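Participant: Chains as they are written, first to last, in my numbering: chain U, 118 to 265; chain P, 118 to 265; chain Y, 118 to 265; chain X, 118 to 265; chain W, 118 to 265; chain A, 118 to 265.
There may be inaccurate statements among the hints.
Copies of the same chain look alike in the list, so a pair counts if it fits in one copy or across any two.
[Stated by the list, open to error] Derived DSSO-like pairs: lysine-lysine, alpha-carbon spacing no greater than 30 angstroms straight-line:
#1 237 with 159
#2 237 with 129
#3 129 with 159
Since the hints were derived computationally from the structure, they do not count as laboratory data. Since the structure is predicted, the reported quantities are computational estimates derived from the model, not experimental observations.
6 protein chains.
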Amino acid sequence: MSEIRMIDVGNKPVTRRRAVAYAHVAMSEDVRDRIRAGTLPKGDVLAVARVAGIMAAKRTPDIVPLCHPLPLSRVDVTPELDDSGVAITAAAETTAQTGVEMEALTAVSVACLTIYDMVKAADRAMRIEGIRLLEKSGGRSGAYTAEP
Amino acid sequence: MSEIRMIDVGNKPVTRRRAVAYAHVAMSEDVRDRIRAGTLPKGDVLAVARVAGIMAAKRTPDIVPLCHPLPLSRVDVTPELDDSGVAITAAAETTAQTGVEMEALTAVSVACLTIYDMVKAADRAMRIEGIRLLEKSGGRSGAYTAEP
Amino acid sequence: MSEIRMIDVGNKPVTRRRAVAYAHVAMSEDVRDRIRAGTLPKGDVLAVARVAGIMAAKRTPDIVPLCHPLPLSRVDVTPELDDSGVAITAAAETTAQTGVEMEALTAVSVACLTIYDMVKAADRAMRIEGIRLLEKSGGRSGAYTAEP
Amino acid sequence: MSEIRMIDVGNKPVTRRRAVAYAHVAMSEDVRDRIRAGTLPKGDVLAVARVAGIMAAKRTPDIVPLCHPLPLSRVDVTPELDDSGVAITAAAETTAQTGVEMEALTAVSVACLTIYDMVKAADRAMRIEGIRLLEKSGGRSGAYTAEP
Amino acid sequence: MSEIRMIDVGNKPVTRRRAVAYAHVAMSEDVRDRIRAGTLPKGDVLAVARVAGIMAAKRTPDIVPLCHPLPLSRVDVTPELDDSGVAITAAAETTAQTGVEMEALTAVSVACLTIYDMVKAADRAMRIEGIRLLEKSGGRSGAYTAEP
Amino acid sequence: MSEIRMIDVGNKPVTRRRAVAYAHVAMSEDVRDRIRAGTLPKGDVLAVARVAGIMAAKRTPDIVPLCHPLPLSRVDVTPELDDSGVAITAAAETTAQTGVEMEALTAVSVACLTIYDMVKAADRAMRIEGIRLLEKSGGRSGAYTAEP
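The following block holds chain U by itself, in its conformation from the complex (with noise of 0.2 angstroms):
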């Protein structure tokens, strides 16, 4: 019978845990540049990009089935035009007993889909890739960065 469970985290300590984490939405070069003159008939992209993610963020024990609940000191999302899209960073802080990592990702896939929702209309063949953890620091398995 399948097995499906929360990981128990009763006995770890409470410590300051941070976790960031990346993703990119890949576009048109003209809808980029309509996000960036605000000319897109929904507004404005990126604001809107930035408060989802913050609010996903809140919500990820709500949305991921076996994430735990966690009292978030900070979470910071900031999307930034590039030459192909928007890229898009954000960190999420705690105090708890267990890391923030699916925090700092659900919010920079939310900010994605919404950047998506807003813009769609314009361009139907858009892309969210590398979604991936940056860092991580603060738990027992120790400080993580990824590769370049």
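Assemble chains P, Y, X, W and A onto chain U, guided by the hints.
Facilitator: Same frame as chain U, now just chains P, Y, X, W and A:
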């Protein structure tokens, strides 16, 4: 001042609509084999990913700020192990005034985040990639099929 | 591999549908009398149970993974004190492609959990029992009435 | 015993409905000027207020216990700086069996709470005031326009 | 580009914090009397307002985008009929790194929206007004009491 | 006037707490055998019940109006086929100022509703029964074990 708005869909016809989205989680071969064997500590990864994807599709308007609420008539989330990890396809359908791309894309994104969460203790360098729309039909703008 | 799916209701006709469910919380006579007298520390137990049941019915597709979202046109939750505790009946109605059994059953279940929560400091041996469908109508499979 | 119930709307006709609501956040001139200049520590107050108002409108039946779920076809939240703070107007539309007053009122209320939250470190004596329905149309009881 | 961020509270001390907020729903005398008499069609208005206010306080970080999640240890919502309608006071408490003003303000706002919803069929000219912080204590910036 | 309130837990000590709850879904032998064989149209019933129970435990304060929010450190939901249907046990743990009975009871209740939903097309006379607390420890009132 920043303009942000939901598109008014009140004058669009109610039609049957369908969308299919795709995503992939790239991971080490070892971890992929442990998913297949069912030996990861959080349990049956693909079953939880299916459930998480379906539930997320239903909550899309809560997660993506400018999405319209929709009465989904069907959501299917299909994960498949491949050479480099897990590929996820999700199909969403409704009879409504607007399309279900965001529901299908949210389903695959959250299914990937769920896989990531259940596997992350074994592989911290995983990537979620290639999230995109495969096909779409039923709307005013005609059917769309992504180029291969 | 485990198959998990929402049923496709896209081809079912939109009809008016209704379901009635029942549940019971068994408790000591003393506690039942304190509910009647309104002297429990958390307050008016039956009023809170009604509100909790109605709100839960509306959130059924968020709580029960494979339920379809539905535009409920009516939910009624009726708690009644009896010899051995509190009996709850809930009626739900919609005009939709699928039935409202789960909405009625979720309403009575959450109303019972709410009563339990408000009373538990006074009686730790309570039981919730007999949760079942009393009647159902409006679907393709015809009307159903439970045997007494 | 306390009676609490959702109104049964199952026999009401499905019509196109619209409601507009208003609210105001009164604050010091200094703080209002800092919103205009964009120099408050939490960032672009009016953009976040728009997003929060739209998202809250969609969640009205989760927040207001006896509200019916509705497929909103449009929500618009418009904040404007004035002499004494920020005025918010929200318009909501649907095609349904019941009206959207509560959606419009929830949108303006949550937009105001969001402004309050983003500004509170700079002015603890703010007030939210004048929350009311400006106009309503599409229901059985006829159109309504508030007296000026 | 618009900057939007949650304040980082990770370096603030964990202290016991309390906030009290106030709001008022102004309505016709006739309607106020029907609330007192309990003869409105949706039922016991003040009981539902209490429950809605308490539940909304717990969901504040889901509703107000930049609010931190908090483990509330107490929420009290007290509605009182007065000459011109219903006055609501809400007290919220926690032991955390940040304050509970927004929880108390969200509680009174949603309690008012709930009253509005239950009464609106009888009086379309109601107003919610005077939403403000009455007192606050436990934070770095010292205690605050609103001027009368 | 009806008094309704959350208990103030602000003065209770933070201790490690645990609760275990039980419930049972009674169904026909035929349907129970189809769950075991995995031949029901919605798929792997017990896997979905586990996920639904875990997710519901985390959302207990959103579902049960007067429950305090809690940082759950572990939730385990274990369904087992028996002679007359499926028995569910759920264990919840936290380190907090109040207990986790409601989290464990909500987990078993929602796991049962999920089983009911997935099986209902095959058996409309199912019953959910015997929902109760099996054991509890860590609070001021001492450990509790239900009589067999």
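Participant: Find the hints from earlier in the document that the structure breaks and name them by number, from lowest to highest.
Facilitator: Violated hints: none at all, because every hint is consistent with the structure.
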